[in-house]
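**Student:** Each chain, letter by letter, is given below.
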Amino acid sequence: MRALTANRLADGEVVFWRGGQWVERFADADLFAPDDPAGEAAEAHAKTQPTLVVEPYLIDLTQSQGLWAPVSYRERIRALGPTNLNHGKQAEGGAAIEALLHAHGAARSTGRVDLIKRK
Amino acid sequence: MYRYDHIDRDFLADRTSEFRSQVARRLAGELNEDQFKPLRLRNGLYLQLHAYMLRIAIPYGSLNPTQLRKLAWIGRTYDKGYGHFTTRTNLQFHWIKLADAPDIMDHLASVDMHAIQTSGNCIRNVTADPYAGATAEEIDDPRVWAEAIRQWSTVHPEFNWLPRKFKIAVTAAAKDRTAAKTHDIGLNLKRARDGSLGFEVMVGGGLGRMPYIGQTIRQFLPATRLLSYLEAILRVYNRHGRRDNIHKARIKVLVAALGRDEFAAQVEAEWEKIGQGPDLPDTELARIRGAFAPRTFEILPAVSETFEAAKLKTPAFARFARNNLKPHKIPGYTIVEVSLKAIGATPGDATSEQMEVVADLAERFGQDDIRVTHEQNLVLPHVKLDDAPTVWAALADAGLATPNMNLVSDIIACPGLDYCALANARAISVAQHIAEKFADPDRAERVGELKVKISGCINACGHHHVGHIGILGVDKKGEEFYQLTLGGSGAEDAAVGQALGPALPYDRVADAVDTLVDVYLRERQDGERFLDTFRRTGVAPFKEAVYADVH
Amino acid sequence: MPTFISLKDGQFSLAEDRFTSVGDEQSIPPGDVIISLARFQSEGEALLGQRRSVGVRLESGEEVEALAYDLPEISVVALAFAKFGDGRAYSSARLLRERFGFKGEVRAVGDVLREQAGYMVRCGFDAFEPADGSSLEDWRRASQRFRHVYQRAADGRPPALVERGE
Numbered sequence: 000m001r002a003l004t005a006n007r008l009a010d011g012e013v014v015f016w017r018g019g020q021w022v023e024r025f026a027d028a029d030l031f032a033p034d035d036p037a038g039e040a041a042e043a044h045a046k047t048q049p050t051l052v053v054e055p056y057l058i059d060l061t062q063s064q065g066l067w068a069p070v071s072y073r074e075r076i077r078a079l080g081p082t083n084l085n086h087g088k089q090a091e092g093g094a095a096i097e098a099l100l101h102a103h104g105a106a107r108s109t110g111r112v113d114l115i116k117r118k
Numbered sequence: 000m001y002r003y004d005h006i007d008r009d010f011l012a013d014r015t016s017e018f019r020s021q022v023a024r025r026l027a028g029e030l031n032e033d034q035f036k037p038l039r040l041r042n043g044l045y046l047q048l049h050a051y052m053l054r055i056a057i058p059y060g061s062l063n064p065t066q067l068r069k070l071a072w073i074g075r076t077y078d079k080g081y082g083h084f085t086t087r088t089n090l091q092f093h094w095i096k097l098a099d100a101p102d103i104m105d106h107l108a109s110v111d112m113h114a115i116q117t118s119g120n121c122i123r124n125v126t127a128d129p130y131a132g133a134t135a136e137e138i139d140d141p142r143v144w145a146e147a148i149r150q151w152s153t154v155h156p157e158f159n160w161l162p163r164k165f166k167i168a169v170t171a172a173a174k175d176r177t178a179a180k181t182h183d184i185g186l187n188l189k190r191a192r193d194g195s196l197g198f199e200v201m202v203g204g205g206l207g208r209m210p211y212i213g214q215t216i217r218q219f220l221p222a223t224r225l226l227s228y229l230e231a232i233l234r235v236y237n238r239h240g241r242r243d244n245i246h247k248a249r250i251k252v253l254v255a256a257l258g259r260d261e262f263a264a265q266v267e268a269e270w271e272k273i274g275q276g277p278d279l280p281d282t283e284l285a286r287i288r289g290a291f292a293p294r295t296f297e298i299l300p301a302v303s304e305t306f307e308a309a310k311l312k313t314p315a316f317a318r319f320a321r322n323n324l325k326p327h328k329i330p331g332y333t334i335v336e337v338s339l340k341a342i343g344a345t346p347g348d349a350t351s352e353q354m355e356v357v358a359d360l361a362e363r364f365g366q367d368d369i370r371v372t373h374e375q376n377l378v379l380p381h382v383k384l385d386d387a388p389t390v391w392a393a394l395a396d397a398g399l400a401t402p403n404m405n406l407v408s409d410i411i412a413c414p415g416l417d418y419c420a421l422a423n424a425r426a427i428s429v430a431q432h433i434a435e436k437f438a439d440p441d442r443a444e445r446v447g448e449l450k451v452k453i454s455g456c457i458n459a460c461g462h463h464h465v466g467h468i469g470i471l472g473v474d475k476k477g478e479e480f481y482q483l484t485l486g487g488s489g490a491e492d493a494a495v496g497q498a499l500g501p502a503l504p505y506d507r508v509a510d511a512v513d514t515l516v517d518v519y520l521r522e523r524q525d526g527e528r529f530l531d532t533f534r535r536t537g538v539a540p541f542k543e544a545v546y547a548d549v550h
Numbered sequence: 000m001p002t003f004i005s006l007k008d009g010q011f012s013l014a015e016d017r018f019t020s021v022g023d024e025q026s027i028p029p030g031d032v033i034i035s036l037a038r039f040q041s042e043g044e045a046l047l048g049q050r051r052s053v054g055v056r057l058e059s060g061e062e063v064e065a066l067a068y069d070l071p072e073i074s075v076v077a078l079a080f081a082k083f084g085d086g087r088a089y090s091s092a093r094l095l096r097e098r099f100g101f102k103g104e105v106r107a108v109g110d111v112l113r114e115q116a117g118y119m120v121r122c123g124f125d126a127f128e129p130a131d132g133s134s135l136e137d138w139r140r141a142s143q144r145f146r147h148v149y150q151r152a153a154d155g156r157p158p159a160l161v162e163r164g165e
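Residue numbers (numbering that gives the first Met the number 0), protein chains in the order written: chain X, 0 to 118; chain R, 0 to 550; chain A, 0 to 165.
Everything labelled a hint here was simulated from the structure, so no lab data went into it.
Source: prediction; values computed, not measured.
Any given hint could turn out to be false.
Lysine-lysine pairs mimicking DSS-like chemistry, simulated, CA-CA at most 30 angstroms apart [claimed, not checked]: (1) R/K272 x X/K46; (2) R/K174 x R/K272; (3) A/K82 x R/K247; (4) R/K272 x A/K102; (5) X/K46 x R/K174.
Isolated chain X, as found in the complex:
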């Protein structure tokens, strides 16, 4: 599965695509099957919103404690917050945050690879 993420322009907050809106909690994000063109369609649409978000991209997900979580460690940090302080989204706590905290993933996320290529 995949999700679409970006940073919100006005405040830099990590956000996720949900039915045409941008939400702050990964747990609320729309999920796209790997071959579902709706993922690419959402990404294309997001790129037409330069005054809302910066650099939207799709990320790969993996299963964790019955929920979905980003495969890439970097993306889990974006979805949670830094590991040195209990700041950011992780401060909310709860099952969804726990699932993110316990996720494993050795593979790079597609989104991360794309970003590296772009640089």
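Once you have looked at the hints, place chains R and A on chain X.
**Tutor:** Showing chains R and A alone in chain X's frame:
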């Protein structure tokens, strides 16, 4: 310290107004991100993992209490109550909103501060010896020259769109506390035989993907010709530095490609064409120099009875004095290193409360003078020995008195994957684990001087190439791995570290450092620091020990 | 006739462009033309002999020294910004003005945006073809943001250290 006049203040007002209009255009969609990004970088604003990061300029690492209190207030008001001091002596806030940035710039301007050119392909913050004005070692006060260069480079119309970033450091003592040889330009103040002041000019140092030690292109540049010579170097770079590949765009690549002598010849040829026109007039130099003249120091005996008695009475204070106090040129005074490396804390971070403690101490005991070092600590450069015990007690209460200057737990670490969009791996937690292994201050002192430097990616903001032990975060199949190097140095004996062996996974790094220290303690001969032992034995005993249990 | 933004005696105005920019593959029309450096090096002498005004366009990697000998005859040097962040044209403009004493028009062409107007004016550009739809008023405002400057450049504005001496 330098005092802004109405010209400097008008300038900040015009700059913040310009930035405000640029932000408004971006938010309204009149500028796209490609057009806006270089503009916000030139005002210190990055888009990082969680939010925008604002890098505030602390010119040559120098602050007064009013400024430090304002930074504390900004941290509280616009961020999460803490900031991070960097290896270029700037301050970063990690949780900034773009929409707030123009207001923050106004608040900074109200205390003569800014974020101008702390990022982007332009001339960055000029750094200098944090002990300037306090150490007996210096030829001349490097801050005077750093301030002259700061003004000359600020919104320089010809050199604001360089092939890549450009970093200048000014050092003036035999001991280099600026890592000048790893800068694009390192300036080493010296005196000619006739006593006249000048600079040894080193060009082409730099860390990152390909570390280089700077090469001397001119042994002695008369100080009165400094700005025209810098213009010559920058013009040669602006015209001929590579722009086709971001990884080959620093001046170090140009110097390496041309060779030192050819590069120097091109600079000299350009300099000659620039000619003997007015450089920095004596009146302006005197005005800047006057601002840095020290306040009167009291006439005190070299030995302070209060100080000596406190050391006898309180072993913890004696340990602090041993490690964190440095000799001052005036009898009865000392330089106090304020450690931002408490065991288990984030290296280089200070809370707003801690900033206010330091501001208060500088005001009451320190001639309103605070410095930031490139090793991510603070300094109170002018403290009476008589006051040192009181200062220590206040620092200790605030978690700022860890007696670990230059010891193994005085670690440099970039923010890394916890905050930075460029990172491959975390640096902060690696630093914390290592520091915890050496939490015992006796053990740390027994080990002695050992500079551990950690970067979360090849951009080397943690200066890992010049660590006695350098640690570089790499991404191996999505996992955090770390490449260790040994024998680097950022001081006057500058050197790039040598690889230890294959990269290690995250959970083996702190143990590896422990093992390296054990090898050092076993192998060392009289008076050798870790660096000295490594230079004598080479990598073999260290590599063998760390990788012994791998197979 | 296309227009461009012209700066004369500190005043901005919209000027009619009597020059035609001619690509290397096109035949040269009558009237005043701006041609590439390569074309100028092969045909420039002939064109100048025809009593028309000739301008030369330099790409970012082309050096002004190549024109040094002919500058007295050249009416316009158009310095191209391949990307707005490619700052070589700023050095080129300053050298034209300050080293070679060029009195003709120095025109900014290519990826020319109003946020860089101030840098361009200080380096000696006096003609601008904005690529971002900037109006005359936009350009004037963007280039006049700073009441003081810290260093000397081609525009002759006194730097702060001179202002302080007064």
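**Student:** For which of the previously enumerated hints does the structure constitute a violation, in increasing order of number?
**Tutor:** Numbers 1, 2, 5 - these are the hints that the structure violates, sorted from lowest upward.
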